[in-house]
Amino acid sequence: MKGGFEVVHATLDMIQPHHEPIWDFASVGFPTTSTVSSNPRQTVENSCINLERNELSEWVEQVTKQLIDDLPADTGTDDRTSLQEVEASMVCEDNFAPSQLGDFWPRKTVRRSFLDGSFGAELQWGNDLGNQTNVDVCENGGNDRGLDEQGLSLLTLLLECAVAISVDNLGEAHRMLLELTQMSSPYAPSCAERVVAYFAKAMSSRVINSWLGICSPLINYKSVHFAFQAFNNVSPFIKFAHFTSNQAILEAFYSRNRVHIIDLDIMQGLQWPALFHILATRIEGPPHVMMTGMGSSMELLVETGKQLSNFAKRLGLSFEFHPIAKKFGEIDITMVQVRRGETLAIHWLQHSLYDATGPDWKVLRLFEQLAPRVITLVEQDLSHSGSFLDRFVGSLHYYSTMFDSLGAYLPADDPNRHRIEHCLFYREINNILAIGGPARSGEDKFKHWRSELARNCFLQVPMSSNSMAQAQLILNMFPPAHGYSLVQGDGTLKLGWKDTSLLTASAWTSHASG
Amino acid sequence: MKLSSAKGASPSHNSFHSKRRSRHIVPPFQSPDQLEPWSSVAVDMHNNTNTNNYHHHQLQNIHTSTSLSSDYSGAGEEPCATGDKWASRLLMECARALSDKDSSKIHHLLWMLNELASPYGDCDQKLASYFLQALFCKATDSGQRCYKTLTSAAEKGNSFDSARKLILKFQEVSPWTTFGHVAANGAILEALDGETKLHIIDISNTLCTQWPTLLEALATRNDETPHLKLTVVVTANIVRSVMKEIRQRMEKFARLMGVPFEFNVISGLNHLGELTKEALGVLEDEAVAVNCIGALRRVAVQERGAVIEMFKSLGPKVVTVVEEEADLSNSQHDFVRCFEECLRFYTLYFEMLEESFAPTSNEKLMLERECSRSIVRVLACDDEQDSGGECERRERGRQWSDRLKEAFSLVRFSDDVVDDVKALLRRYRDGWKLTQPLQDETGLYLTWKEEPVVWVSAWKP
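Those sequence lines, one after another, are chains A and B. Each residue of the first sequence is one higher than the one before, starting from 0 at the first, in numbering that gives the first Met the number 0. Each residue of the second sequence is one higher than the one before, starting from 0 at the first, in numbering that gives the first Met the number 0.
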């Protein structure tokens, strides 16, 4: 077993928080004007300057709008302001007040206002950026204008299926799904067809487990982790999550000598070596680091712990690892072993692969009891609560966008792309549609963790300009640069594709922490 | 066999097609938290985006070895499926449970299969997915409905282009079909040597991909090119729609080759046994060859003898038969055995497809789906409902030989033909071999990784 992490980064060293006043509690959440002005709102070249539309997900939004409008309204998220509008309002203010989040977060990002005409009838699919070879996207002959007939009819049938399932008409749904699965291929050049293939399969799975009356997942962690890594290599989302969170944690640990990080689903611990490196070389000297890694398999956790320990040793960082093979929401607070004098950070990169943390309300309660100095939260802009149809519409929009982002860069027959779509996205789609939902798991999920934290003894700590800088560096490494959109607003950092936000990073501190 | 659905449902009718009764979630026998992860693979996380002097941390070769938990051995015990070939283990267990009518075990296994299966994953996942579909249909008595839906959806998406592309790609990467073509053509040419009026009756769904090489041989090896009449008998609906295009192409090709040519298509037969000399347009002065590719298996089992007699009545000089090596003739009486054989055959086939095609090949997917329809038909449908040769109840070469011996005697393939076949196989990847059983001499077998998969034979009256 070869160990070894290699982390070198000169520029990381630049982003030491030695002058960041953010953690001064007198003005928590209010960065000084100097930091604000030195980093004006940057939606860099990575955001949609050429304003290409996001084909598939826009069509999805259009068609599902009717469905959405017919659904009962959600509390607190009626304000469907677009990302840009929110952003614009933020820029005008010098204060990033700890926000009352409830009203601000668009339930899904809405299109820009300039929808028709002016941005041209030329709907280009995929990227037209220089070096990327654009695969022949529409196999159906000459129609290269956006979503083809085939894709449209498949999506329509898919929607009909979803409606049938939502009213429990399983026999009819099953029949339609049999058709859909014969007609759509996950290897098609058309993103719509790929999305339909996976959604149809997930819904078939649901039909079967509805009939069986059992809905408990069996997860192949090896395949998930493998796909996770492949995704990490081709797409900036995971690194975005890691590096912006690391920055926030670093800032929270400023001048602290004994630190404790709890990673709610550590997997293979890809995130931490970079942080260790900085901690080991920081000006005020390295702290003693305790890490509590949580996950599903003790064996996997122990392995991850070994890797991290070896790495820490090589850096000369004093390190302890404590594995807990349980869900965070199901542990007793005494299992966590927080010692006196330790500064605690809790990190949570949310995903939909499986339920990593257990009941939401228990998780929140534990957060409160532990009162960490910082909680770094990276949320998918996707709601796991609500009815089947709610989740269906939301996830169709979300994953269409994800598929689009891969499709803009990778050819249709790329095996890595297939692995990511099959072992990661499809896993999530399946989990959301076939497993998840309150009627099946019997528990309520929070709509937005940010709202919950804001409501309950936590103060938001705006993501610093250094976090933003980190995020931009990452984006620079991932073509097609034009596709991804990085937005700073309301104290959070959002990474998305075109005009749809997919991941939101935020940081929080407990009132009671010291 | 009907199965009631979620607990509490009324057992009086198959409740699958009515609205599901309860949302009561039955907790699994095994909490997912306790399920061990799968066996290990070395993961090399090599990050190769090294632009901007920005190196990512690298996790190299993390081994996560996990112990294989005990195999599933009964309801209520740890249902862990780990390691290799988990799909066939679970599937066989489920087939046995179905046969034993063990309701709770069936539910449990179907649950596991449903969770683990995917038609877009690795071989195990694919087999699990397609066989699960058949098992589910059987358990809910919806096989016929399912099969009809699948078939009509497939036909909708079918076109000459897609069908042609599929067959040609398959022939490019695997000798599965070309093996039979080469051997049969060799036998036909030798049997009809010297004849001036040839009539080949092609009972197959090969879209005439067998004939161009034969036409070429006719054009080049004889001093006087004989007249060829080709009568194609189509048995699969999916092929019917494209025969018009095929006709045009064949006629054009024959013109180019300078072979006097006549082309006829017969389709819409309910039973092959309906064919007659007159219907086929067989004339007295013609030298007839009957070429049967994957056609006999579509004949109802009890009618196979009659069909062979019908061949004899056509007075052929040679009958060539190509079939796939599996015995699925008996699903009614011994479900488990038929299931096992079906699983064995399709495991081979899927593995072969996996190794022959690229991982993201659409052609491979189409072939797999074709199998899935066949699997549903064989395992979850009653034979009484069979119409028009949809049911492919394969038999092994030896079994076909026993039948054919009643009306014909075997023709040995000449050394030339054997050489031709061997030359063909050399054009493909490793793993393919030709075997010629010495004792009974019942034709030639194509083997893949030492397993016989396709059988070809030639017969004379």
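Keep in mind that the hints are not guaranteed to be accurate.
To be verified - Distance windows between CB atoms, simulated: (1) Arg-239(B) with Asp-167(A): 55 to 63 Å; (2) Asp-167(A) with Thr-275(B): 37 to 45 Å; (3) Ser-152(A) with Arg-425(B): 30 to 38 Å; (4) Ser-152(A) with Asn-269(B): 29 to 37 Å; (5) Lys-84(B) with Lys-312(A): 39 to 47 Å; (6) Arg-313(A) with Lys-84(B): 55 to 63 Å; (7) Met-91(B) with Ser-152(A): 34 to 42 Å; (8) Glu-369(B) with Asp-167(A): 31 to 39 Å; (9) Leu-151(A) with Ser-408(B): 56 to 64 Å; (10) Arg-163(B) with Arg-313(A): 55 to 63 Å; (11) Arg-239(B) with Ser-152(A): 23 to 31 Å.
Simulated from the structure, these hints should not be mistaken for laboratory data. The beta carbon of each residue, even a glycine, is placed where N, CA and C say it ideally should be.
Cross-check of the supplied hints:
Our hint of 55 to 63 Å for Arg-239(B) and Asp-167(A) is violated, since their Cβ atoms are close to 39 Å apart. For Asp-167(A) paired with Thr-275(B), a C-beta distance near 54 Å fails the hint of 37 to 45 Å. Distance hint check for Ser-152(A) and Arg-425(B): the Cβ-Cβ separation is about 45 Å, which falls outside the suggested range of 30 to 38 Å. Range check, Ser-152(A) to Asn-269(B): about 33 Å between beta-carbon atoms, so the 29 to 37 Å window is met.
As the Cβ distance of Lys-84(B) to Lys-312(A) is approximately 41 Å, the hint placing it in 39 to 47 Å holds. Between Arg-313(A) and Lys-84(B) the beta carbon distance is about 41 Å. The supplied range of 55 to 63 Å is therefore violated. As the Cβ distance of Met-91(B) to Ser-152(A) is approximately 39 Å, the hint placing it in 34 to 42 Å holds. Under the hint 31 to 39 Å, the C-beta atoms of Glu-369(B) and Asp-167(A), about 32 Å apart, fit the expected range.
Evaluation of the 56 to 64 Å hint for Leu-151(A) and Ser-408(B) yields a pass: the beta carbon distance comes to about 60 Å. Taken as a hint, the range 55 to 63 Å holds for the pair Arg-163(B) and Arg-313(A), whose Cβ atoms sit roughly 60 Å apart. For the hinted restraint 23 to 31 Å between Arg-239(B) and Ser-152(A), the CB-CB distance of approximately 24 Å keeps it satisfied.
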